[in-house]
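Can you build the whole structure from these sequences, using the hints too?
Number of protein chains: 2
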Amino acid sequence: MKSACAITGAPLCILVCLCLASALMAAEGMWPPYDITDQVLRDMQNAGLELGRDEIWNEAGTGVANAVVSVGATGAFVSPEGLILTNQHVAYGAVQRISTSEKNYIEDGYLARTRYRAYILLGSEAVTDRVLSAVDESMSPLERYNAIERRTKEIIEEAERGRDVYCEVSAFYGGAKYVLDTYTRLRDVRVVYVPARAVGEYGGDIDNWMWPRHAGDFSFLRAYVGPDGRPADYSEDNVPYRPRRYLQVSREGLREGDFGLIVGFPGRTSRYLTSYGLARYEGFLLPERIRLYAEMIRLLEEESRADPEAAVRVASRMKGINNRLKKDRGLLEGFKRFHLVERQRDVERRMLEAPGVAAEEAARRGRLLAEFEEAYARRAEYDMKDLVMSLMLGRGSMLGQALTIYKWSVEKQKPDMERDPDYMDREVINLKRKLSLFERGYHERSDRRIFEMLIREALALPEGHRMRVFDDLMAGRSGRDLDAFLGVFLDELYGNTRLADPAECMRMFDLSRDELTAEGDYFIALAAKLYDENEERLERDKVFEGALNALAPEWIEMMAAERGVEPYADANGTMRVNYGVVRGYSPRDAVHYGAYTTLAGVAEKHTGEPPFDCPARLLELAAGGYRGTYYDPEIGDVPVDLLTTHDSTNGNSGSPLINARGEVVGCLFDGNYESLTADFAFREDITRSIHVDMRYILFIAEEVDHADNVLEELGVR
Amino acid sequence: MKSACAITGAPLCILVCLCLASALMAAEGMWPPYDITDQVLRDMQNAGLELGRDEIWNEAGTGVANAVVSVGATGAFVSPEGLILTNQHVAYGAVQRISTSEKNYIEDGYLARTRYRAYILLGSEAVTDRVLSAVDESMSPLERYNAIERRTKEIIEEAERGRDVYCEVSAFYGGAKYVLDTYTRLRDVRVVYVPARAVGEYGGDIDNWMWPRHAGDFSFLRAYVGPDGRPADYSEDNVPYRPRRYLQVSREGLREGDFGLIVGFPGRTSRYLTSYGLARYEGFLLPERIRLYAEMIRLLEEESRADPEAAVRVASRMKGINNRLKKDRGLLEGFKRFHLVERQRDVERRMLEAPGVAAEEAARRGRLLAEFEEAYARRAEYDMKDLVMSLMLGRGSMLGQALTIYKWSVEKQKPDMERDPDYMDREVINLKRKLSLFERGYHERSDRRIFEMLIREALALPEGHRMRVFDDLMAGRSGRDLDAFLGVFLDELYGNTRLADPAECMRMFDLSRDELTAEGDYFIALAAKLYDENEERLERDKVFEGALNALAPEWIEMMAAERGVEPYADANGTMRVNYGVVRGYSPRDAVHYGAYTTLAGVAEKHTGEPPFDCPARLLELAAGGYRGTYYDPEIGDVPVDLLTTHDSTNGNSGSPLINARGEVVGCLFDGNYESLTADFAFREDITRSIHVDMRYILFIAEEVDHADNVLEELGVR
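Protein chains in written order, with this note's numbering: chain A, 1 to 717; chain B, 1 to 717.
Keep in mind that the hints were calculated from the coordinates and are not lab data.
Heads up, a few of these hints could be off.
Heads up, the list lumps identical chains together, so a pair's fine if it works in one copy or across two of them.
Stated by the list, open to error - In the EDC-like style, the derived pairs of lysine to aspartate or glutamate whose C-alpha atoms are separated by at most 16 Å in a straight line are:
1. Lys326 - Glu634
2. Lys336 - Asp514
3. Lys177 - Asp346
4. Lys407 - Asp532
5. Lys336 - Glu604
6. Lys407 - Glu418
7. Lys326 - Glu282
8. Lys336 - Glu609
9. Lys407 - Glu533
10. Lys412 - Asp422
11. Lys412 - Asp233
12. Lys605 - Glu333
13. Lys319 - Glu301
14. Lys412 - Glu160
15. Lys542 - Asp383
16. Lys434 - Asp205
See below:
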């Protein structure tokens, strides 16, 4: 399953990506809606699109892409009253937060309200010259990184000044181009309708990333604004937001081979990596993350089995880790199966040695590659230490919570423009939200066991690479001595913290550094000890990013020339449009996957045990030979999920699948297993996106959940 | 994988089966070649067959079915010099027996000679009246069983008298019909050519029963006779057997939808069981066998990992158990998925309660069902004890070896006609062969660990159901006391036997009972103690079979009428012909399996690790874009395996796939996973047989193994 999460480990505004639109391939490529070339537009129209350029996107806000919003992942307005269609797994976290082991909304579905946030893109503007005038060749990688970050902040500050908007600057082409995006940020977004877990997550982790798929992974949110029509915090007085454009849902569906458009916020692809970059994934990142994620899952599963309260609390964290684990495993498998590293090495060898390459050009390329090699070698030195530390401070961990509070007490002393971008005034609202939601997913024994496991990992690193804070306390200890010490250490730590209490968190968040230190909270004290070491980690990331930023633009141009295609934009979290068709594929010899699954297939998978515990009503409908509105005579059943050739990745979750006339016919929620490596190398024959068919959404809403109000609002009754 | 083994737990001559040929369905049904009805013949001819009745089978021995022989499973003569085409997994046992851990023929393939045996069917004759005149209604089930067995022996004795033939009497229709089959038995059959394990078993246990499949599961044997042309034991002077009919191999292949015929010796199907019979499988036989087989495999795997010598020795035993385990698991899954028990209960309810059923008829049916229920209830009482005992004495076990020798010393005192049929003079040759081959697959530690596991199972049975021999020794012991006792017991047992030495086995086989007892061999002593208890077990089987024999004919007629079809013959180990077409299938929603796999698919599965360690030469050929003789332009590659709609089961392994003109185009070696439950209920939509395409066989022989002599003999060069 493509997750709703943003990009791990790299702030959105500085992603190393690119964007020169090209449409040589039907499905590969992700086009900024405001920057579609004539060629791409012609290709889309030749493929079936009935819309003109302005009907796709316009500054007035009335194109189909203007109806698409970022909600962590992607959503789309589908009614004049601010109703947003997105995935069940996007709403999952929100719903989980209001679940308890007594009343489990995840199990039972949900038709109520909670809080979320939606970003509506107003416009985009190139700011390349302003950013690049801040750097020069003489700068070190760290200086370069900091100069760009500083300039980016200035551009954003100026753009947001006096306006109720949210701005971001994103790098394209590895830093050859920068774009300023301006968003309206709606802060009161509520869950309207989520189908039961057994529908929305049918197949669960087993089917995740897989085809054939039978999940009804959809949900409906609603955005609210103040009575004055402006963005506002949650209030009973708020009124539904009225978007300038919403998409009409269609009951007609697509057929195999039909044209479709998707619009979304794909997070990150890396289709121009050097062999050094690919080798870092295959040799280090993927295998080590797989090992540590698997261990974390093992611990969380043990705790979940032992205690139903734990099971509800850690469900979302576990789902997130499971998703990353399965993704990493698929990636590693794909790297090996498709020989990504070896193939890229061959490409690079050709780039240096091919008969047509002049000696001077070959030398230039060789120098560039050597610089990449050096940057990766430098990064590799502390790779393992930094991976362990980042997991220790990861989402949902008590230590991460403590560090956030402590770091804010340090950062708040600085002028706004000097701060870590995540700790600037404009982000305080996000920090507070994160802190206040933490407790819902927290389970002490689970947190403690994962923390202990990672401390042991840190202690096992080579001399000079261990985490100093634990080394100082525990170096030289081992066996039972270490076990006993760790037991006491963790008892004291968890016994002397109030951070599990959301009110205490919010109170401490507002303290000054001295006041906070005086609180005597053990976790805060540990975070303070860890602070410098974590800043060193972040600095290593900056040095690495800064080095790549100086090399990537030249490299990408070179690679694109070598491939003989106009380069297209790697995903970087900004809005993209792309087109494709409905099509099955052949995953292996003698096996063909059809483009549609059916209601009969849902019943066929039913075992009665989660994640294959189909609701009784759905089984009845499947057995009863339903022939109503959503029956497709060509398919011979109600369609459930479908495959298309669209190029998508994390963040595209929830993207509307739009027909040639601009109506919504589906909702993207995943890619197939074979598409995992598409983040690194797209393969037209096997890369597929997976959507819920709109007819299944309407069928579930009408026949199973009787969500009549939603159906009326969608204008389909 | 369909195994080459005969039917477990029931002597071939007394199988409860039936045979009124009918051809209402294209693929379901297995027709005795000498008893094909006009309707079936017409159906075959309408489906594409170009042969007349006499060209299928005739008493002169020149029909296509006359070229088919039983070699444990099935084989077919494919040259005038007695060359037999069958499966690699049929020759596996023979080849394994000459392997050692230094020179591993299983790994490297084999072009040499060893001993086997082939049965050529000469003719069949109905003997129903003669058998049934031996029984009357007043007999108890045991009396009935014994009367039939006795009469069967007499018929065989008379038929074999003075002739060099081997005869069998088989029950059809649950005992409504009996047939006497007369065979020529060739006793000198040698392995000519087996491809390397990595070809013949490509995919191993992982792919076993699966599609898509890429195994080159074929081998060639050769039958020899004495210089006088008569069956003879192995001798250097023997000459190749010249069959009256052999099948021409064809390089043309079939296309999707094309007609094909198979001829073979299917072992057992049970398509007319009552719900009580089906419930015994679902509720007892399958789950308990799965549990015990899994435990046996676990122990054998541990031993194999620890010791390469053990690995070679137990390979064949492990393969056999793994095959049965996977089959039982698939069966249990299918029983549940297709609700076999519930569906049959519904059928039986309808048979009693449907509006058209007269009260008298309903009462008759009710009585019959009640008698079945009683027979199963009686059988169930000692089911678990008998299962444990049968596994303890199973193929390859030291205890089974000892019991065979001891039982022979008892049986040989009786007149031939009074003996257990397996211990009659005509079977002594088989007993000796089994004894002499035992040592090759024997590994003491493995045997001991399985034995100990099963003793513990026996001790855990309820009071009165435990095995007396172990109860007497160990009752009341538990925990460490039992562990210690068992340790000493097994040390002594294995330390004081000479049965691991084949020469000693043969010597003891010839001793009288008193001489044997005086040998003081501990395993023989244990077998003597167990003898009575094992005879009780066999008697319980006879009582059960006798009871069913009295009920089944009436029941089957009733069931067939209820289904509204001419009943066809359940498989019973006798020769059958059936027809079908080349066709893929859809195993589940949105997935379609094509009918052919390809050479590219073989390479695609290659990982370098067994069982996916494709030979380098094959990888080269796949990568090199082979376009030679065996390339099929329609498939776009060399075909490897193919699917057909034929009804087949265990024992059909090695059956030639014959085209409309009577030429061999493939070699059956397996069924698909979904076909497992076809032994109980055939489903036309998903039941498929799997064959090696003849073109792949020839391709491997020519391009990989350069088996030029074989190719010349087949007349394809």
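Hints and how they fare:
1. Lys326 - Glu634: neither (34 Å within a copy, 38 Å between copies)
2. Lys336 - Asp514: neither (52 Å within a copy, 67 Å between copies)
3. Lys177 - Asp346: neither (29 Å within a copy, 71 Å between copies)
4. Lys407 - Asp532: within (10 Å within a copy, 82 Å between copies)
5. Lys336 - Glu604: Between copies, since 12 Å is at most 16 Å while 33 Å is not.
6. Lys407 - Glu418: Close inside one copy (14 Å), not across copies (94 Å); limit 16 Å.
7. Lys326 - Glu282: within (15 Å within a copy, 35 Å between copies)
8. Lys336 - Glu609: between (34 Å within a copy, 14 Å between copies)
9. Lys407 - Glu533: within (12 Å within a copy, 79 Å between copies)
10. Lys412 - Asp422: Close inside one copy (12 Å), not across copies (92 Å); limit 16 Å.
11. Lys412 - Asp233: neither (23 Å within a copy, 97 Å between copies)
12. Lys605 - Glu333: Result: close only across copies, 13 Å inter versus 26 Å intra.
13. Lys319 - Glu301: within (11 Å within a copy, 34 Å between copies)
14. Lys412 - Glu160: neither (20 Å within a copy, 104 Å between copies)
15. Lys542 - Asp383: Within. Shortest intra-copy distance 13 Å satisfies the 16 Å Cα cut-off; inter-copy 71 Å does not.
16. Lys434 - Asp205: Neither: 25 Å inside a copy, 50 Å across copies.
In terms of the numbered hints stated before, the structure departs from hints 1, 2, 3, 11, 14, 16, listed from lowest to highest.
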